[in-house]
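Numbering (our numbering), first residue to last: 343 to 770.
Be careful, since some hints might not be right.
Result set (EDC-like, lysine to aspartate or glutamate): computed pairs, CA atoms no more than 20 Å apart in a straight line [stated by the list, open to error]:
no. : residue 1 : residue 2
1   : Lys-731   : Glu-566
2   : Lys-656   : Glu-344
3   : Lys-417   : Glu-344
4   : Lys-407   : Glu-381
5   : Lys-407   : Glu-445
Keep in mind the hints are simulated off the structure, nothing from the lab.
These figures come from a predicted structure and were not determined experimentally.
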Amino acid sequence: MEKFLKTLKRTIILEGWTNRFGREALREIEDAYREMLGEMLCYALEHRASQFTLHRIFYNRFREKYPWLPTRIIKGCYRDAIRRARSFKKLKKKGQAEKDRPEIRSITITYSDSQDWRLREGYIEVRTHRGWIRIGYRNHKQLHRYLYSGWRPSSELKLKLAGGRILIYLTLAKEFEVSYDLDNAVAVDINENNVTLAVFVDRRLHEIYRIETKIGRIVIAYSERRKRIAENRSTRDRIVRKALRKLREKERKEDIIYKTARIIEEIARRYNVVVVVGNAHRGKDRMASKASKNLRHRIHQWCASKLVETLNNKPLYVVEESEAYSSSRDPFSRKPIKRYTPSVIRFALRGGRRVRVIKIEMRIAKLSNGLTMDRDMIGAINIGLKYLKSDGSPMALGSTEPHEVRVKLLIPHRGLTPLTELKIFTSI
């Protein structure tokens, strides 16, 4: 059993307020911060500067210009400038930046050290040039839950002035001990409407989970709704903007992603496995480059990278593996699969007085050992075999005795409670 320490961070947004004296002090700091950030950001982009370089160039200069400003706010401005510069370079590389220079629209004052701020029960104290000011915040259940479960505030604090409110970005950190067995793995194949998991125990296929997310259908439905709302009207129209703001596509997709990640986490803890995910960024970019406009929109809305990011933010050992040819090879004989046959399965899901029909679309292939399996299941098995073959050439199933593999169909909001189970028997 292998073990390692993994530090996780969570950022909580608190809504705070202070008196007129405190608001005036923060406004003066914000004006100085905006000017410093503009100069540092331009220099970082032109010279590819680091935080050390920005400190050497700008620290003494701004200390002389703003002698009243707390020292660590200048240091926090270094971090902000470097982050914005890196983000702009990534957008520029992808061709998504509209201007040659990033535009500073909003300012978030960054306190880089906990010596300049203190977290108290019901309020936060921050150091300013006018002394310590108190910022009260509303009761936050999530913050209390984190603090009582061992999470501790990190050294950085961010404040954003939004009219009469003050948004407080508080980052919490906790160190977890992650244990895993190198011979156990759960391979995650992320698709448009489902996430398929292949669980390997002692380097043998143990069971398969298919989680029906239906994110692809949600993307298409919301795309059609946006078209109907903005039909023959400008998106700058007040009524159109108000109607578009009411759409909750992002919230619905994130809810499904978090519930799916929770299912994967429960399976990983049950078997002490390594979580092996497909390389979502490379596969998505390759598919989008050859797709039409509508299909490209659907590909970029799959949220594959969001699911990978969510898994990385959990106490799990996550490894990314290539998805190349994972759906075109027989996992038992390694021979190419010639064709897939479309198939549809329907289930009646009963909840109280309502009965909901769930339709599952599958693409079935007949394998060399006589089994028939879905394309997404084959992809998940091959991703797991790619990871396990690094120190050998494992087979999906053993070759000396009969085996039983269960395929469980799940939906995110029911957790690990399966809709149905299918059994695959083989003796290869």
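Can you confirm whether the C-alpha distance between Lys-417 and Glu-344 stays at or below 20 Å?
violated (39 Å)
Take the C-alpha atoms of Lys-656 and Glu-344, compute the straight-line distance between them, and say whether it is at most 20 Å.
holds (17 Å)
Is Lys-407 within 20 Å of Glu-445, Cα to Cα?
violated (24 Å)
Distance restraint between Lys-407 and Glu-381, which requires alpha-carbon spacing of 20 Å or less
holds (13 Å)
Please verify whether Lys-731 and Glu-566 have alpha carbons no more than 20 Å apart.
Cα-Cα ~44 Å, so violated.
In the structure shown, a violation is registered for the earlier hints numbered 1, 3, 5, in ascending order.
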